[in-house]
Amino acid sequence: MTNEELLEIVEKEAENTAKFRHRLGVCTGTGCMSSRSAAIVTELQAEVKKRGLENEIQVKKVGCMGLCAAGPIISVQPENIFYRDMTPEEAVSVIDSLDSEPLHEKMIDISEPFFYRQEKYALENAGVVDPERIEDYIAAGGYAALIRAITEMTPLDVIQEIIASGLRGRGGAGYPTGLKWSTVAKIESDLKYIVCNADEGDPGAFMDRSVLESDPHRVLEGMAIAAFAVGASQGYIYVRAEYPLAIKRMKAAIKQAEKMGLLGQDICGTPFNFKVDVRLGAGAFVCGEETALLNSIEGNRGMPRLRPPYPAEAGLFQKPTLVNNVETFANISGIIGDGGKWFARIGTAKSKGTKVFALTGKIKNTGLIEVPMGITLREIVYDIGGGIPNGRKFKAIQTGGPSGGCIPAEHLDTPVDYESLKALGSMMGSGGMIVIDDTSNMIDMARFFMEFSMEESCGKCAPCRVGTVQLYNLLGKFQQGEATEADLATLEELCDLVRNTSLCGLGQAAPNPIVSTLRYFRNEYLEKMKPSAAAAKEEAR
Amino acid sequence: MSGNTTIKTFVIDGNPVSATESETILDVARQNGVNIPTLCNMSGLTSTGQCRLCMVEIAGSNRLTPSCVTKPEEGMEVVTESPRLLKYRQMILELLFSERNHICAVCVTNGNCELQSMAQRLEVDHVRYEYLHPKFKVDGSHPKFEVDHNRCILCGRCVRVCDEIEGAHTRDLRNRGIQTLVITDFDGPWGESKSCTSCGKCVHVCPTGALAEKGKSVAEMAKRRQFLPYLVMRRKGASK
Amino acid sequence: MKKNKKLRLATIWLDGCSGCHMSFLDIDERLLLLAEKVDIVFSPLVDVKVFPEDVDITLVEGALGTEEDLHKLMKIRPRTKILVAFGDCAITANIPSMRNPFGVEDTLNYIYLEMGADRPQIPTQGVPPLLPRAQPLHNYVKVDVFIPGCPPSADTIFFALNELIEGRTPQLSQMTRFGA
Ligand SMILES: Cc1cc2nc3c(=O)[nH]c(=O)nc-3n(C[C@H](O)[C@H](O)[C@H](O)COP(=O)(O)O)c2cc1C
Ligand code: SF4
Ligand code: SF4
Ligand code: SF4
Ligand code: FES
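Note that the protein sequences, when read in sequence, are chains B, P and E.
Every number in the working numbering is 1192 more than the matching position in the first sequence, counting from 1.
Every number in the working numbering is 231 more than the matching position in the second sequence, counting from 1.
Every number in the working numbering is 326 more than the matching position in the third sequence, counting from 1.
Careful, some of the hints might be misleading.
Derived Cβ-Cβ restraints for the label pairs, each shown as a range [what the hints assert, rightly or not]: (1) B:K1440 with E:M441: 57 to 63 Å; (2) B:P1395 with E:T433: 36 to 42 Å; (3) P:V337 with B:K1378: 57 to 63 Å; (4) B:A1601 with E:G493: 53 to 59 Å; (5) P:E423 with B:K1440: 39 to 45 Å.
Using 25 Å as the maximum straight-line C-alpha spacing, the simulated BS3-like pairs for lysine-lysine come out as follows [to be verified]: (6) P:K302 with P:K375; (7) P:K368 with P:K302; (8) B:K1443 with B:K1253; (9) P:K318 with P:K375; (10) E:K468 with B:K1720; (11) P:K375 with B:K1669; (12) B:K1556 with B:K1511; (13) B:K1542 with B:K1443; (14) B:K1253 with B:K1241; (15) P:K445 with B:K1511; (16) B:K1298 with B:K1542; (17) E:K363 with E:K331; (18) B:K1614 with B:K1669; (19) E:K468 with B:K1722; (20) B:K1242 with B:K1253; (21) B:K1722 with E:K331; (22) B:K1467 with B:K1533; (23) B:K1542 with B:K1253; (24) B:K1585 with B:K1533; (25) P:K447 with B:K1378; (26) B:K1242 with B:K1378; (27) B:K1511 with B:K1542; (28) E:K468 with B:K1669; (29) P:K318 with E:K401; (30) B:K1443 with B:K1467; (31) B:K1511 with B:K1253; (32) B:K1511 with B:K1585; (33) E:K363 with B:K1722; (34) P:K454 with B:K1669; (35) P:K366 with P:K302.
None of these hints come from the bench; they were simulated from the model.
This structure is a prediction, so every number in the text was calculated from the model and none was measured.
Just so you know, even glycine gets a beta-carbon here, dropped at the ideal spot from N, CA and C.
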């Protein structure tokens, strides 16, 4: 495939699109599929055919549009109308409405901040392209960056663009992507690997799933560019088996890309070779930790390895390996296409670009959002999220899932960037955001996450394996009102131990939900202590 | 060894020491008579850094480092004992005691157990965490040996010796978290294992009473580990 | 502690086998030395029915196995200055805790009904109900000194008591351990 051939496809697709008077996009993400969106597609296609409108109305499957709670969603282009809560029966009336009045009662108001406050970058194509057609992705500008990289740039040029972009890993820790790439590039080896981490184990998180389902080629393109930059020839996408749709679409995408010569041998007539395979994970949270993930791909038990050596040095099968998150890869084609500087214009001094979050909990607009770094939590909660339902009050927001912490109302004006969230005792994490209202108890919440960490602990190291269980049980004592002062001391001491002595990030971060709720909501713990102990506490003051 | 071995010098507890490229902080500490507490480590087997007892402090860093798997760097200042380290080590031991059913008074390795003697050494005279008292089975199906999961501390030594020295890989782990179990083959009875050579190596590297010879009564099971340095030496000799 | 006044020592056993008390008696003629410094004000070895006030040192043998054990311990704690967890059962719940993984009901059923007694019946009269789990003393009260061992040796006990009498905290880690 050359650039010319690519442009031919773009033109052909544009012509094709132009011939339709109306284009109906039906969301076929996992969320909408579970409320019968596949039947909507069939119904619409049958109806269009019945009315003989195949050349005027296009019905296509698209990926997630973000407002998952309102699904299934149908978009109508070029009118730019979105309908919510569709059923196969109602979908037919959408066709009736096309040349007359829209169905007002089902329309989503896109003048809401939920839409205009977002900035779509990684999710640019989500809900627009048909994830099962490579041509659709190409028509939207896809694979141009890859061709540009391998035909016009050197690997070093590519890495420099990534460094200039300031992109940091979206898998949680925020490690500078350009630095990681240049490390892997510098290490000499006959064989190097690219691994895309799509394990996504945080409870309530579905950012990566959505990217894979809605725009799989974007991830493939990012991986291929990375392979070119670091000198790798084999890639793996490690997806949890619980994501069947993502897996199916990814596998289809790989086949299509291979067929077009965008993956495989001598890509675009250059000596660059890159093959990608999908590997399935069994859904253990710890397998998202990069070294456990590598063990799992190698066919071993998914237990973390000691670092150093880091995967960049000795990763998969002891070869230099670049591990990045799905969303990290999804940002690459844009950076190469538009330039690192252009990417870096969004965001804060140290956190560039956008971040995708799964907004859930006690909030009006739940769903998937992509926002510029530096936006405040308040804007996310009240503008994009539409505030707290049922007249309740905002209490806290949990970011970073079981490894993160809660942030109370007094810090709502904090900008969302890696450092600010960390300073508050939470973390960016991979993108889970859970809003908590004043009906919730923080001890319950901490215990919920502790249960998760305890069950997901791989069992390798003693502090995490046993410490998380003891922490979980201690929180139970607080819930029962049975805790004493000694229990509070033990709780804090154990948090300190588990954080400082656990082998991998799971254990090291597991106490965070307790530490942060103790920091901001200590009173809830004190209130739950045995009356005698609490009274003594009061007197001591 | 050739003449161009790189030697690093560094400091352990205030004393200057030296290390070759391949030696860990723990190796060098042992050579110099500094006895860092360890449980999962066993000379001759791969180090996995999982018991976390051997953690040491390194000047200039707030992070603790497992000495059994960390190579020293030139000029590094290592501290192997401090109030903080002692506290953490004691807590880890207490967690291990709380995890399963350690009833030393009726245990086959009473008096010969590394967990027990480590508790004595680090002055752990009671356990502040609630005992979890799980219900684990004993597998006595093997004619010579038995495994009592109630005494296992999941140090992984048996798994490693079976794989790395005996080459049988009969043992492995299953489940997660505190449900983790040392298993035989695909979690079958030990007595029916096709891969087990009945060499008993796992029994003798096990630091506790989890793996024992049958017919031993309380306090009668002492472990004999002379085979390990011998085999490691022979293997090194053979590969020269 | 005052020199001229003899210290008041108490000993008691809860859910234990009395082995620790036997080991205490094994200090033999050194009992006479002790008797010069302490009065034994309450003990299974002496004939006093009520646990007195103002005890200086109490050795508690045995785990908390029944509600009665717990009741006794709660009574003792405010009445004694130094409470000593005496032996492994008091410290770890040791042998009594071997029932813990099975629960009270299964344990009783197994022992009294399934083991083939002549007249299978679970005793309820005149016996205190079992706690759900046998537990160490320090799960309920503050324990000042721990003397591990099953039982601790006579030498350990004599040394520990002497140290306590002299007003020192006994350092026992080189003398005894769990299971010793
Ligand atoms: C317990 C644990 C779970 C993790 N889960 C994920 C995950 O699901 N997805 C992911 O991309 N990174 C996860 N990470 C982070 C990875 O180890 C690694 O840092 C990341 O994949 C690197 O990619 P990035 O630099 O693009 O962020 C996890 C880390 C830990 C400690
Ligand atoms: S911290 Fe937890 S998950 Fe990580 S190695 Fe230790 S036990 Fe396993
Ligand atoms: S294994 Fe060791 S610590 Fe556990 S009961 Fe036996 S002797 Fe005691
Ligand atoms: S059986 Fe023994 S050697 Fe094996 S993991 Fe358990 S304690 Fe370690
Ligand atoms: S000896 Fe180093 S972690 Fe166990």
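Hints, verified against the model:
1. B:K1440 with E:M441: 57 to 63 Å: For K1440 of chain B and M441 of chain E the Cβ distance comes to about 59 Å; the hint holds.
2. B:P1395 with E:T433: 36 to 42 Å: Because 38 Å falls inside the window, the suggested range holds.
3. P:V337 with B:K1378: 57 to 63 Å: holds (59 Å)
4. B:A1601 with E:G493: 53 to 59 Å: holds (54 Å)
5. P:E423 with B:K1440: 39 to 45 Å: Between E423 of chain P and K1440 of chain B, where Cβ atoms are some 41 Å apart, the hint holds.
6. P:K302 with P:K375: Not satisfied, since the Cα-Cα distance of roughly 40 Å exceeds 25 Å.
7. P:K368 with P:K302: Roughly 39 Å between the alpha carbons, so the hint for K368 of chain P and K302 of chain P is violated.
8. B:K1443 with B:K1253: Roughly 17 Å separates the two Cα atoms, so the pair holds.
9. P:K318 with P:K375: violated (40 Å)
10. E:K468 with B:K1720: With a Cα-Cα distance of about 21 Å, the restraint between K468 of chain E and K1720 of chain B holds, given a limit of 25 Å.
11. P:K375 with B:K1669: violated (44 Å)
12. B:K1556 with B:K1511: At roughly 47 Å apart (the allowed maximum being 25 Å), K1511 of chain B and K1556 of chain B break the hint.
13. B:K1542 with B:K1443: Judged against 25 Å, a Cα distance of about 35 Å means the pair is violated.
14. B:K1253 with B:K1241: Distance of about 16 Å is within 25 Å: holds.
15. P:K445 with B:K1511: The hint is violated at about 45 Å.
16. B:K1298 with B:K1542: Status violated; Cα separation ~42 Å.
17. E:K363 with E:K331: Cα-Cα ~8 Å, so holds.
18. B:K1614 with B:K1669: Status violated; Cα separation ~29 Å.
19. E:K468 with B:K1722: holds (16 Å)
20. B:K1242 with B:K1253: holds (19 Å)
21. B:K1722 with E:K331: With a Cα-Cα distance of about 39 Å, the restraint between K1722 of chain B and K331 of chain E is violated, given a limit of 25 Å.
22. B:K1467 with B:K1533: violated (30 Å)
23. B:K1542 with B:K1253: violated (38 Å)
24. B:K1585 with B:K1533: violated (41 Å)
25. P:K447 with B:K1378: Violated - the C-alpha atoms of K1378 of chain B and K447 of chain P are around 58 Å apart, more than 25 Å.
26. B:K1242 with B:K1378: This hinted pair is violated, its Cα atoms lying about 61 Å apart.
27. B:K1511 with B:K1542: violated (31 Å)
28. E:K468 with B:K1669: Judged against 25 Å, a Cα distance of about 18 Å means the pair holds.
29. P:K318 with E:K401: This hinted pair is violated, its Cα atoms lying about 33 Å apart.
30. B:K1443 with B:K1467: holds (12 Å)
31. B:K1511 with B:K1253: With a Cα-Cα distance of about 40 Å, the restraint between K1511 of chain B and K1253 of chain B is violated, given a limit of 25 Å.
32. B:K1511 with B:K1585: Violated, at about 52 Å.
33. E:K363 with B:K1722: Distance ~40 Å between K363 of chain E and K1722 of chain B Cα, so the pair is violated.
34. P:K454 with B:K1669: Violated, at about 41 Å.
35. P:K366 with P:K302: violated (40 Å)
Comparing the model with each numbered hint stated earlier shows that hints 6, 7, 9, 11, 12, 13, 15, 16, 18, 21, 22, 23, 24, 25, 26, 27, 29, 31, 32, 33, 34 and 35 do not hold.
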